[in-house]
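**Student:** If you read the protein sequences in the order shown, they are chains D, C, Z and V. The opening position of the first sequence corresponds to residue 0 in numbering that gives the first Met the number 0, with each subsequent residue numbered one higher. The opening position of the second sequence corresponds to residue 0 in numbering that gives the first Met the number 0, with each subsequent residue numbered one higher. The opening position of the third sequence corresponds to residue 0 in numbering that gives the first Met the number 0, with each subsequent residue numbered one higher. The opening position of the fourth sequence corresponds to residue 0 in numbering that gives the first Met the number 0, with each subsequent residue numbered one higher.
Among the hints, a few may not be true.
No copy labels: a pair is met if it fits in one copy or bridges any two.
[To be verified] Straight-line distance between alpha carbons at most 30 Å, and here's what the computed DSS-like set of lysine-lysine pairs gives:
id, residue 1, residue 2
1, LYS264, LYS246
2, LYS99, LYS251
3, LYS267, LYS252
4, LYS248, LYS264
5, LYS51, LYS218
6, LYS333, LYS348
None of these hints come from the bench; they were simulated from the model.
The primary structure of each chain is shown beneath.
Number of protein chains: 4
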Amino acid sequence: MLRIGMLTSGGDCQALNAAMRGVVKGVFSKRDDVEIYGFQEGYKGLIYSNFKMLTSRDFSGILTVGGTILGTSRQPFKLMRVPDKDGIDKVEAMKHTYHKLNLDCLVVLGGNGTHKTANLLREEGLNVITLPKTIDNDLWGTDMTFGFQSAVDIATDTIDRIHTTATSHSRVFIVEVMGHKVGWVTLHAGIAGGADIILLPEIPYDIDVVVDAINKRAKAGKNFTIIAVAEGAISKSDAKLSKKELKAKMAKKTYPSVAYEIAEKIQKRTNQEVRITVPGHTQRGGSPCPYDRVLSTRLGAAAANLILKKEFGYMVGIKNGNIVKVPLGEVAGKLKYVEPDSDIIQEAKMTGISFGDK
Amino acid sequence: MLRIGMLTSGGDCQALNAAMRGVVKGVFSKRDDVEIYGFQEGYKGLIYSNFKMLTSRDFSGILTVGGTILGTSRQPFKLMRVPDKDGIDKVEAMKHTYHKLNLDCLVVLGGNGTHKTANLLREEGLNVITLPKTIDNDLWGTDMTFGFQSAVDIATDTIDRIHTTATSHSRVFIVEVMGHKVGWVTLHAGIAGGADIILLPEIPYDIDVVVDAINKRAKAGKNFTIIAVAEGAISKSDAKLSKKELKAKMAKKTYPSVAYEIAEKIQKRTNQEVRITVPGHTQRGGSPCPYDRVLSTRLGAAAANLILKKEFGYMVGIKNGNIVKVPLGEVAGKLKYVEPDSDIIQEAKMTGISFGDK
Amino acid sequence: MLRIGMLTSGGDCQALNAAMRGVVKGVFSKRDDVEIYGFQEGYKGLIYSNFKMLTSRDFSGILTVGGTILGTSRQPFKLMRVPDKDGIDKVEAMKHTYHKLNLDCLVVLGGNGTHKTANLLREEGLNVITLPKTIDNDLWGTDMTFGFQSAVDIATDTIDRIHTTATSHSRVFIVEVMGHKVGWVTLHAGIAGGADIILLPEIPYDIDVVVDAINKRAKAGKNFTIIAVAEGAISKSDAKLSKKELKAKMAKKTYPSVAYEIAEKIQKRTNQEVRITVPGHTQRGGSPCPYDRVLSTRLGAAAANLILKKEFGYMVGIKNGNIVKVPLGEVAGKLKYVEPDSDIIQEAKMTGISFGDK
Amino acid sequence: MLRIGMLTSGGDCQALNAAMRGVVKGVFSKRDDVEIYGFQEGYKGLIYSNFKMLTSRDFSGILTVGGTILGTSRQPFKLMRVPDKDGIDKVEAMKHTYHKLNLDCLVVLGGNGTHKTANLLREEGLNVITLPKTIDNDLWGTDMTFGFQSAVDIATDTIDRIHTTATSHSRVFIVEVMGHKVGWVTLHAGIAGGADIILLPEIPYDIDVVVDAINKRAKAGKNFTIIAVAEGAISKSDAKLSKKELKAKMAKKTYPSVAYEIAEKIQKRTNQEVRITVPGHTQRGGSPCPYDRVLSTRLGAAAANLILKKEFGYMVGIKNGNIVKVPLGEVAGKLKYVEPDSDIIQEAKMTGISFGDK
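Only chain D is shown next, with the shape it has when bound in the complex:
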């Protein structure tokens, strides 16, 4: 008998179900004696031994369904070693559940925080396989995460819709795209949506440069400007602050989000009306795009292959078009950033996009 535990952790995104379907179809293609334990709402289900027994039928028809049939929740890594209010050590509880159920392995789908915990469990002796789930595409060790392209599609659709209004009214429009630490979604959606200015966490902006770019467009007879802003976009001056200073400054701010701060600065200095749109959680929702369905199906099938070969301790990723296994110890705790001098940034600049950095 092959006993597989499975859980999805962190913010939900598209193709979680598709990836799990890939894993389950994959193992059942070679063996019949498989039991699937679906832990509910992320690591919480593993901690409190809250699970459902699932059959291959449960994974049929979910290729195109958004969200996760297991539910998910956010559990900050830094709390994993902190005992619960009822005194339970969470890591020990997870190990206990794993061993009590006599699991052969645990399949974990998640992003950066999830991978830190998964690696911890591996260090504690559990057989872990992970799949790179995040719209942010910021996981180290894989060229691409599933959820990313679907999020780009939705953010681009938002910019497209704003475009028709922008051409009709003479205004500056800011679209705030998800991404606190990395700007991949903003970068791709910005290019795809024809944004005039793109502001990323990795490239601190100078408001003077942003204002110049808007004025230059106005002079060229273009009566509107569209700015794609990542949630974590930061000004050059703020980027120079220490973490502590920045935190203190942020605590005083009354803006709902960074777009509002930038909007205020622009409005003051250009005298143009500024409008803000925040697609927010919609970027995580709905049916995965075909790209993500193919990617997640491939990753899931490859994970099944590792399980059948009893090779554990890896994240399954994609590199140069090929599925690869990456040791969890190498993945955990690292982020994949947009490089300010990378080719794609240079190419974007050649098409006239300003990143507010010079």
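Keeping the supplied structure of chain D fixed, place chains C, Z and V upon it in accordance with the hints.
**Tutor:** Only chains C, Z and V this time, still in chain D's reference frame:
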């Protein structure tokens, strides 16, 4: 020679171009000696005699294009009779432009405010034909305005996307839909998106009833609730305030919008996490949906017919599936509200939707 | 105890699930003692007593799901009275199942053929309520059927996509839209997609007129023409044949469908390349559009209301925006056609669309 | 002065305009003294010196517009050296136009056939830069062509829609996807759409294996099967024929396309109803997906860079995420096929997909 002035006024929406294409194709189907004067950015173009001469070619290929090729702007009706800072009386200026160009008529596309001004120009002796443009569907005298169904489609898409996240996380989600005075878009998108609670300006809500509905769902094992809220949703207690009292109260508020106020109340009383999504301007943007393209094409063609027959002073609308002409004097200044005891509300309630009113 | 049988019959379409959800949510909103018998694959399930007991849970989350959870099949009305190969009289078998299960009523969702059988069952003494399901919108007694607007959206999307290719290549493109007897989908998708020529079953075409329209466009410098053709489009000469003559002629034809015949004629006479696209079954598939979700939810809730009031023998429809009940005897066997001289046809012609009838 | 000729050749596809926009924005970002000569309808425009002078304005706002603003046409490579009916040698004519206009280079956007001609022109001494345009993704030297992902999205959407009908009716559905020689679009859309069977030109099928797969599903209680078939799918027995024998056999066939042949075989042997859907030209049409917009913008900007550096004779492609230049001589005449034993095929098989080959 037939000289037609044309302008689009107020917030942009889908199918403005489609409607103008209908008018222009319509008049050219019967006459060749037509001149089209396209006034730029709404009434402003008429006031300051800022226009472009357009040919039928300019209206080719714009059926599916969002926004308006003429540009638009908001000009509050109450300022129309107030002289400009340069001393120009705006109404006189518009009449002057009209007569100077020797126009036979003026085609005006707009919503409620636009119609008040259009009616004023009619009273001043201009030949005016209007077309009912607004996503709000709140114009009196027509069953349907163009833009509405497209906006419903986008708002519904937002709720659909939120749904997949809602089923994965245990939370309350609020989607704030456009509509300050009327709730048509919220009502339709709410039903179409399967919202559990719908809050409209026309049906003041009792927060106790809203909280009860959420708790009832939780008890029935449904771990999430989706609430569609119109921008102008109002509580029963606020609805009892005088206009002045309400204004004073609003002035003190620090919420970016009504959804944030409702979110705070719910969070306090249910201890559930609440998330807010505001599709905002995207609801006005992008290509019109097929329904709006057919409606606006029909209305445009019918407007052309009135122009050719020299019948002026009407809004072209649709009643019971038939195109009708409605005297502008009857339309101006009236709004079409959702009736709290109408059939559609009763039917929605039968499917378990709460409107927070009992 | 309230015992409700339910079945979906004929070709599937969008919003069948949404409509059933409306019925079930509606009855459960007022009573708890309800049993739902879901007959499988249309009348077949009723004939052979093949059903599933369903709870309100089964209808949760299906608002946006295409197809029908009950399955469906086509059962020609003319065979209903013909005993099966195993000697079973189908009508008697259906009555037997109904009475054996002690049903209070039968809810039937279907189109024209389905309604004939439903009316027959009513005449045989069963309590029947029907809902107007068909993409064709050809049911007498209701302004609108659910499925129609979704089908229009898909057919329009097809024309939109063809448009970009058409403007790049100099060709004639034919899009064949569903509709053997009536042209509603073709008419609406044709207008919405900006088709240059629309050919409907209700308006027999003269190929000379069609060729003239193409040549006229070429002379005006427009290098492409898009033709929306209903499956049942017919030439003037064929329309004059008797049913028998036409059948004999059709039997000899080797064209896969009518679009190929028209393409051949045009290619011969204009020397232009002609391309054909047939969206086919996709027009019935996928998630219902928001319009259909609202319509079907309203109709379903209204059907629930009739059931609760024990008013049977009606189709629930919509007239002038209001939900109405129409006696089944009036509905059965009648079709709602596009009127060749109706307003919408006149308006379409004013925008330059040719219907091939001169 | 920098004089750039530009043309799009072969079947149109998504992101042609986006790619040209990238080139033009790129060159204008560094130089002002640029003239763009847009040749009309592919090589034909170059042969007959039919062109338009274009400014950077002409390329503004076309990022999202399908088709090509230059028009296109198919000109078989094998006819390039055959003099026209008016005696013109086409290759000499193209060289003549190029030199007469004093062009610095020629930017050619096209697929496989286009590249052969482009390479010929390079051999004749012209400065040529090409961009890989084709939905087929079959160009050698680049991991990805623009148009491909957009086509996959549309083909997947077709399969998605068919899915809801398939689950409602008990039938076999065949979706015929574009691809005469290579199966990339079918493979990706098949996986993304959850097809049960995928038939590609590169993996000849055995009808017995296909029938077995259908029967196995029926036995497992799955009442429908979806088959994604490439236009160029071929049976094992046909694959053994010589080119001449195959041609002779094809000449006798009366099927409109390969899907019909396969459908007939299946219908005969499984006694199941089979339905065929052919999305056809829609796969080339409409707005490019965000993935293609980013890819084509990057490729266009990189092409601009080569032009500015006067490096000619290359196709600009993408390899492992980086933009690369590939000598035209290496690209021309080679196709990039799906490898029958590649990882993606193995992964797809693990999820239960049959390729009809075992």
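**Student:** Of the hints stated earlier, which fail here?
**Tutor:** 2
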